[in-house]
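**Student:** First to last, the protein sequences are chains A and B.
Numbering of the first sequence is given in my numbering, commencing with residue 1 and proceeding in unit increments.
Numbering of the second sequence is given in my numbering, commencing with residue 1 and proceeding in unit increments.
Keep in mind that the hints were calculated from the coordinates and are not lab data.
Idealized CB from N, CA, C, for every residue including glycine.
Incorrect hints may appear among the rest.
Just the calculated beta-carbon pair ranges, DEER-fashion [claimed, not checked]:
| # | chain 1 | residue 1 | chain 2 | residue 2 | range |
| --- | --- | --- | --- | --- | --- |
| 1 | A | ALA256 | B | ASP175 | 30 to 40 Å |
| 2 | B | ASP175 | A | SER286 | 33 to 43 Å |
| 3 | B | ALA256 | A | GLU18 | 33 to 43 Å |
| 4 | A | GLY280 | B | GLN26 | 29 to 39 Å |
There are 2 protein chains.
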Amino acid sequence: MLKQFLEQGREAADAALEQLLPPSTQHPTSIHQAMRHSVFAGGKRLRPILCMEAGRMIAAASGSPTGTLPAGIEQVGAALEMLHTYSLIHDDLPALDNDDLRRGRPTCHKAFGEAIAILAGDGLQTQAYEVLAQLACPPEARVAIIREIAHATGTIDGMIGGQVVDLEAEHKKPDLATLEYIHRSKTAALITASVVSGGMYAGANAKDIAHLRTYGQSIGLAFQIVDDVLDLTQTSEQLGKTAGKDAAAEKTTYPALFGIEESTRKADALVDQACTELEGYGDAASTLKNLARYLVERKK
Amino acid sequence: MLKQFLEQGREAADAALEQLLPPSTQHPTSIHQAMRHSVFAGGKRLRPILCMEAGRMIAAASGSPTGTLPAGIEQVGAALEMLHTYSLIHDDLPALDNDDLRRGRPTCHKAFGEAIAILAGDGLQTQAYEVLAQLACPPEARVAIIREIAHATGTIDGMIGGQVVDLEAEHKKPDLATLEYIHRSKTAALITASVVSGGMYAGANAKDIAHLRTYGQSIGLAFQIVDDVLDLTQTSEQLGKTAGKDAAAEKTTYPALFGIEESTRKADALVDQACTELEGYGDAASTLKNLARYLVERKK
């Protein structure tokens with residue numbers, strides 16, 4: 001049931017990305033091919049799925065029939081996926097994580113060279129904002145969504161800030177405050193913004209947004225803890241990316257600090273907390289709750 | 001007179017940048033120091049100045065006293081400068097132009113390393129959109145400005161597209177269509193968006209925007225032609241960056257195709273065309289006309 005839901009969500013996100021990314025034949029073709037290489041590399045589309053489902057829940061809470069997606073919300077999801085992919089392309093570069101493999105395929109710079117990879121990442125970020133500026137929701141909601149997403153991917157307590165601290169923490173003794181900053185900023189911030197922006201698209205009020213934000217922060221942190229655990233317990237083949245990289249780089253991770261069992265318990269507790277936050281939405285919240293459980297039970 | 005105007009514009013842009021960029025002491029400090037290193041490196045703030053002056057002209061045309069800047073417009077200018085600076089940081093990287101010197105100072109990757117330079121460029125792009133989403137103009141104007149600027153810095157016929165074609169054109173026989181694409185996309189597109197977004201901020205109508213767009217395209221192309229000529233005729237010391245780089249890289253430039261004299265004539269004709277476009281605005285357009293002349297007469 002959830003598997004089918006995830007598959008449908010992935011297809012909706014892929015269709016929106018197909019429509020919103022310039023075609024591979026668009027001049028200059030090298031960069032558009034590079035952008036598509038990395039975007040269409042078999043991602044789970046977790047952020048678009050969370051965004052769409054948050055929008056569906058908020059729409060249901062205000063009387064829309066359950067099961068109806070707010071029209072055009074998949075475009076928010078596509079923009080979120082473009083931003084996520086840009087961060088992966090840049091993180092994989094030789095000057096950063098120096099990864100050759102991503103989701104079982106050559107990374108962008110391996111396939112297209114470093115210059116085009118840097119520019120393809122830049123181009124995905126730019127394209128995301130061009131899409132967000134033209135969403136089908138009212139301009140007030142569009143600027144709120146852009147502000148939310150830009151902040152979540154920014155340098156202070158967003159995605160870029162998390163990546164900076166992650167880089168600077170390599171080969172240093174783990175420290176809980178640093179670890180939490182990295183997890184909250186590098187991964188949880190964009191996951192939170194995915195849920196919050198989906199709600200905003202569907203007309204969420206301030207109270208809804210506060211609930212969605214807490215839900216997002218909890219599942220985002222749980223997601224990253226599970227990611228760190230999988231890096232230790234799964235093979236490269238299972239993950240579709242190089243396993244054991246965190247340990248090799250002496251990265252600060254949850255399992256490095258607390259061990260695998262305690263880390264798993266922490267992730268479970270965060271998911272419980274996320275689900276409690278949505279109690280007030282009744283049945284309309286059941287899919288977001290199932291998604292939260294799925295995040296900690298996944299194997300890659 | 002124009003010199004004093006340029007100085008005041010630069011100061012207004014600098015003050016807005018100072019306020020809108022995270023302080024150097026903000027955690028994680030390395031990236032905020034890197035962003036500020038490149039933003040506060042003595043730029044002329046040409047894009048903010050054009051943006052503010054276009055806004056002032058449109059405000060004057062709708063009855064505002066000439067000389068009054070629309071309140072808060074310097075924030076649009078600051079965002080434009082952040083985007084311009086991000087493109088310089090990434091263009092200077094070893095995988096792209098591999099430049100050690102920019103405005104007479106070490107480039108971002110020379111001062112902070114490649115990883116932080118890549119992320120500082122990313123962070124400036126992100127910060128620009130966070131600023132634009134919160135401008136003091138109505139949400140309708142904000143989304144129009146974001147769409148305009150994102151497209152102008154994008155991969156199809158914007159800044160990134162121009163950079164891709166520029167890279168791919170090195171060591172190839174010059175070709176006029178390629179050259180014009182590079183100039184229009186890499187430089188003129190953001191200069192055009194600067195003028196257009198300033199007009200939008202001040203409430204320009206569709207006819208105003210069409211005039212500003214043509215003015216911007218003409219001065220943008222003239223600016224790049226003059227830049228190419230200066231690369232050949234000035235020393236590194238005069239320019240504050242490595243001179244003769246285009247010729248060394250066998251880059252396709254206007255002077256390489258047409259010679260210095262014919263290129264200079266072409267730039268002058270474009271400036272005339274830009275000024276003609278603003279005839280209908282009378283005295284209110286005199287500063288934009290002076291700025292157009294300044295662009296072709298400058299020495300760096």
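**Student:** Regarding B/ASP175 and A/SER286, is the given constraint of 33 to 43 Å on their beta-carbon distance met?
**Tutor:** Taking Cβ atoms as reference, B/ASP175 and A/SER286 lie about 60 Å apart, which means the hint is violated.
**Student:** At the C-beta level, are A/ALA256 and B/ASP175 separated by a distance inside 30 to 40 Å?
**Tutor:** violated (55 Å)
**Student:** 33 to 43 Å was suggested as the range; check whether the CB atoms of B/ALA256 and A/GLU18 agree with it.
**Tutor:** Check passed, 40 Å falls within 33 to 43 Å.
**Student:** Do the beta carbons of A/GLY280 and B/GLN26 sit within 29 to 39 Å of each other?
**Tutor:** holds (36 Å)
In summary, the numbered hints that this structure violates are 1, 2.
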